[in-house]
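Protein chains in written order, with the numbering used here: chain A, 14 to 127; chain B, -2 to 601.
To be clear, the hints were calculated from the coordinates, so they are not data collected in a lab.
Warning: the hint list may mix true and false statements.
[To be verified] Capping the alpha-carbon separation at 27 Å, the derived lysine-lysine pairs in DSSO-like fashion look like this:
id: 1; chain 1: B; residue 1: LYS355; chain 2: A; residue 2: LYS112
id: 2; chain 1: B; residue 1: LYS440; chain 2: B; residue 2: LYS355
id: 3; chain 1: B; residue 1: LYS440; chain 2: B; residue 2: LYS571
id: 4; chain 1: B; residue 1: LYS355; chain 2: A; residue 2: LYS115
id: 5; chain 1: B; residue 1: LYS63; chain 2: A; residue 2: LYS79
id: 6; chain 1: A; residue 1: LYS64; chain 2: A; residue 2: LYS79
id: 7; chain 1: B; residue 1: LYS63; chain 2: A; residue 2: LYS72
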Amino acid sequence: MSYLPFVLAAWIFLVGIFGIVRSRHFIHLVVCLSLTQSSTYVLLLSIGYVKHGGAPIFKDVPLGTKAVDPVVQALTLTDIVVSVTVAALLLALAIQAKKHAKTMNPDELRPVRG
Amino acid sequence: MDVLVPLPVAIPLLTAAALTAFGYWCGRRLDDLIAIVATAATLVISLLLVFRSNDHDLVYWFGGWKPSNGVALGISFTVDPGGAAVATLVATLALAALVFSWRYFDEVGTLFPVLMLVFVGAMCGFALAGDLFNLFVWFELMSVVAYALTGYGVEHAGPLEGAINFAVTNSVGSFCILFGIGFLYARTGALNLAQIGEALAGRHADGLVIVAFTLLVGGFMTKAGAVPFHFWLSDAYAVAPVPVCILLAGVMSDLGLHAIARIYWTGFSGTLTAGDIRPVLIGFGLVTAIMGGFMCFLQRDLKRMLAFATISNIGAVLVGIALLTRSGLASSIVYLNTNGLLRGAAFVAVGILVRRFKSGDELDLRGRGRRAPIAGVVFAAAGLGLALLPPFGPFLANALVVDSADTLGYGWVPPVLALAAVLSAGTILRAAARIFGGLGEAKDPLFSHEPEESQEEPTDTRRVSQPLLWIPAAALALVGLGLVFVPELAGHALRNAGRLVDRSAHARELLHGVPPPPAPAPSYSPSAAAYAYGVASTLGALAFAAFGLYRRRLPIVLRRAAARVADRPVAGLKALHSGVVGDYVAWLTVGIAVLGGAVAVVVR
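Using the sequences and the hints, build the whole thing.
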């Protein structure tokens, strides 16, 4: 089993976090968040990967055919749904920020402090 | 009667779906009524589940996919009295919030009751879920709804900022949880918590287990608002509409801790020994309790004040869990329920003030609260309860911690917890005295500056129907204070905590259907030391309230000395709560790193 997918997942996660920390624009922020989330897809899919395994569809195939783990694929699908929901909600909030507060910069939109 | 188990989730979700489809044509009042009835039904069923699960856990396998040979493929709800009590708390607070919002809002779309119902369903699902991935799915569902509800007043900058900070920080926390779940699945091939526990039991905790534990606990601490994951919480709770705050502060934060307790005892207790993990978690809990109390003192906006009081309480609940004993766990169950109700009551009282006087600011409202006496009584009662006044619930929970900490050799923990209660409850009592009694001074430069705009919703004060506003407040306060008079409350909490703590018996029950031997509820009465702590912290809170009110009448020498010591830390703490989401996420990663490093050091 190669370590590469796990290193990649950690790398994407950290790059995404770095982007969020440094973000000065809401759209950029949302993209960074989605990027961070995509690291979880890489991790989950690589956990379930089986070398030379087919898609986990067990109709009309002989017993004992190698297949990748369907559980993590289901988890990834759920995760993608979650990610789309959160991104949609955040983008809607960003539009409202532009409309009402006239700014897309998180630094300028902060009435609560201290 | 297992058939009741899925209902606390199914009823609110199905009602929400029906309201989304047809609510627009029903008119606001009918929508509200349907939501209230559905929540009341959820409340009744959750309460039934508490009693039915009293002797043994109720395990419900969806679609009848029961485990065979100890391998669980299906998805389960595992109901123990602790989880069912949390679901009951959710439904109780939601009922109060919905009744309160009947008159609180002038205009509120159909979506508001729909979102509240989904929120209730998701939180109940989270409290009852028996496997890790479902825990995650309910967690995400309740988080997304909470973001939307926090930003419900999108036309103002405050709610926008609060909702965005909340959403981004919690999303990063949930990625950490998902990473942890992935690692655990890779190691054990299981998602069911009990099965994970069986697979890990007796093995040495290697790097992967430590990382998975760190990511899961860190993620749930983000939801709970433990320091240094807490920054989003004060921003979000300060700007959310009051009925939403009742649920957010009353129970959502505590759910994160509930998950930590379940994950440790069911999943990790066989591999990470309690003695190793205890100091790390206690450290996080105590820092949270003290920091929350201290920041609470600096606030003048009532909702933000209560948000920091929530953080302080979360720290105390976390310490209870962190003792990793049966008594500690029992204490956290009692604490979570009674404190949640009292904080909910305090938020309703703030809502009444906002509704009547269009302000939620302590200094603005000085003396004006005399015209809302019931809100005053509720607010002060909540403050006294949180100050550990014997014999009420928070005192009982603290007594369990005191007695357990002494036997473990952590005798220095209870005084710190009492100090945290003095700080946060003393501040609530200070606000009560200033607003409802007109005591204290009209200005205080120490406080965080006033929010630049009023973020509140109500505009029309003519159509205020009083009873619908104060009945939820009084009911929550009465239940919160009266809960302690349930016969043998501590005994039942101890017995049920004992069932969760015995990991292997618990796993046998869940995976093989072997019920545990019936155990009688032990009897518990607080020790003299616990009473001493309770009385001392109540008196301390009253004294601290007086200090907050008349601080500037102290002799000048004392004040100068205090300023020399305190000014820099105060300014530093205020600067930390910067309101910038990037800073918060940076702190989150620092928190995860510290937690992981500490766990790695103690386990090696």
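Here is what the structure says about each hint:
no.	hint	verdict
1	B:LYS355 x A:LYS112	holds (25 Å)
2	B:LYS440 x B:LYS355	holds (19 Å)
3	B:LYS440 x B:LYS571	holds (19 Å)
4	B:LYS355 x A:LYS115	holds (26 Å)
5	B:LYS63 x A:LYS79	holds (26 Å)
6	A:LYS64 x A:LYS79	holds (9 Å)
7	B:LYS63 x A:LYS72	holds (24 Å)
Comparing the model with each earlier hint shows no violations; every hint is respected.
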